[in-house]
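Student: Sequence:
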Amino acid sequence: MNTLTYASEPAALDSRRWLALAVLLIGTMLPPLDFFIVNVTLPAIRTDLRASSDVSQLVISVYAAAYAVTLILGGRLGDLYGRKRAFVGGMFGFGVASALCGLAPSPSVLVVGRLLQGISAAIMAPQSLASIHALFPASEKNRALSLYGATFGLASVGGQLLGGVLVSASPWGLSWRSVFLINLPLIVVAIPAALALLRESRAERSARLDVPGALLLASGLLALVVPLVEGREHHWPWWCVALLSLSAPFLCVFWWYEKRQELADRAPLILPSILAARGLKRSLTAAFFFYSLAAFFFVFAVYEQAGLGNDALAAGLAILPLGIGFFLGPLCGPPIVRRLGSRTAAFGMILEVLGLVMVAVLACIDASSWLVFPLFLIGAGQGIALPALVRLNVDQVDTRWAGLASGLVTATLQISAAVSIAIIGGLFIAIAPDGAAAHDVRLGFTVASLAIGAALALAAGLSWKRQ
730 MNTLTYASEP
740 AALDSRRWLA
750 LAVLLIGTML
760 PPLDFFIVNV
770 TLPAIRTDLR
780 ASSDVSQLVI
790 SVYAAAYAVT
800 LILGGRLGDL
810 YGRKRAFVGG
820 MFGFGVASAL
830 CGLAPSPSVL
840 VVGRLLQGIS
850 AAIMAPQSLA
860 SIHALFPASE
870 KNRALSLYGA
880 TFGLASVGGQ
890 LLGGVLVSAS
900 PWGLSWRSVF
910 LINLPLIVVA
920 IPAALALLRE
930 SRAERSARLD
940 VPGALLLASG
950 LLALVVPLVE
960 GREHHWPWWC
970 VALLSLSAPF
980 LCVFWWYEKR
990 QELADRAPLI
1000 LPSILAARGL
1010 KRSLTAAFFF
1020 YSLAAFFFVF
1030 AVYEQAGLGN
1040 DALAAGLAIL
1050 PLGIGFFLGP
1060 LCGPPIVRRL
1070 GSRTAAFGMI
1080 LEVLGLVMVA
1090 VLACIDASSW
1100 LVFPLFLIGA
1110 GQGIALPALV
1120 RLNVDQVDTR
1130 WAGLASGLVT
1140 ATLQISAAVS
1150 IAIIGGLFIA
1160 IAPDGAAAHD
1170 VRLGFTVASL
1180 AIGAALALAA
1190 GLSWKRQ
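Just so we're aligned: 937 in this note's numbering is position 208 of the sequence shown, and the numbers increase by one with no gaps anywhere.
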């Protein structure tokens, strides 16, 4: 029967590991970049392809749903068949899907391309974290994860700005298509570099993919994520409620099946015994509450435009201090880790809570000109906490299961984003529906910021207790 031990050191250090990290960071950057970069292109897509608002919304939601649902499977594929192979295969698929999106002649083709992008991204992304875990010794892992966090932050916050620049500049007359086609030069360089520089790693025991488990998990997660992504946009129709009610039974059957697979000494998609690793349940729960910040990007954009009367470009520029903090925070992480150790994640979240409380107070008294520092504090805290929280999760399992652990933590973050946007975004809209007065929008933003701060405070408490 499979057993888990605490994370071990890589068997032999790879002299090219830092060059390999540069390639892995391209795979880290592309998934969040292609989620956020599309937000500002929707008006241009609707006009050019004559798409309805529902179809243009699918361009975002189908990517988010496919990515969240496939992440655990993607991590497991790397464990079973090799992380280098899965990384290169996922990146190749992402390139093909990006070309399909960039050349799409119709809205339906674009939606299919986005679906394939989300699946490919979910195969590629977990291999970055898993490979960092396998390549670097403990003494270098904080530095590597700090660069990972900085890359993720830069892609997440810079995506909307880059999308606006590309659509406005319209290089070679490509307009919105350029936000997808810009991926291709990066991928053309990254794939040969990955083949040359990455060292193959996988679980020691060869096994077949657990197809029934994968289908059960995909069904359960789809039933959970799709309503959360689409429900608010469609005012919670009956099918969203029905799917949500089915998600728990599907996931319970999946867990029962995985336990039986492990007891029979087969290779389940998720090893139930992995949750027996010290503190993993607690740190995964912390990860779930941690990414409630995803809702902030939504409510802040509405607050800037409907509450303060700014245009889309000004709203994008207003959140830049958060992006700068998100980029710089991880780079400050290693000295903080040396001082605080496993409490680094909690420290970063406490900074975020302070920033969110300050934002709420400033919004309440209508003093938006003072938001720069609180936004920077939120971004810096997120940048410090993210790589530290990832390590809290991934370091608790043996290196051979690094792909599975990476998929678990990344999927938890994505599901957290969908849940927080649905719940906190719904709370915001309940206070400030379309056409609401500026005062109501400011009130909704204040309440939403405090709700996000409360979730982060809970995450900080969960991660602080682990020693």
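The hints are simulated quantities; they were obtained by calculation from the structure and are not laboratory data. Heads up, some of the hints might be wrong.
Now the in silico label distances, taken between C-beta atoms and shown as ranges [said to hold, decoys possible]: (1) S781 to A898: 40 to 46 Å; (2) V841 to H1168: 41 to 47 Å; (3) T776 to D994: 56 to 62 Å; (4) R989 to D777: 33 to 39 Å; (5) G1190 to R745: 47 to 53 Å; (6) P834 to A867: 30 to 36 Å; (7) A898 to C981: 48 to 54 Å; (8) A925 to D1169: 32 to 38 Å; (9) C1093 to L832: 44 to 50 Å; (10) L742 to L975: 44 to 50 Å; (11) S781 to S897: 21 to 27 Å.
All C-beta atoms in this analysis are idealised placements derived from N, C-alpha and C, irrespective of residue type, glycine included.
Student: Which constraints among the numbered hints does this structure fail? Numbers only, ascending.
Tutor: The structure breaks hints 1, 4, 5, 6 and 8; every other hint is satisfied.
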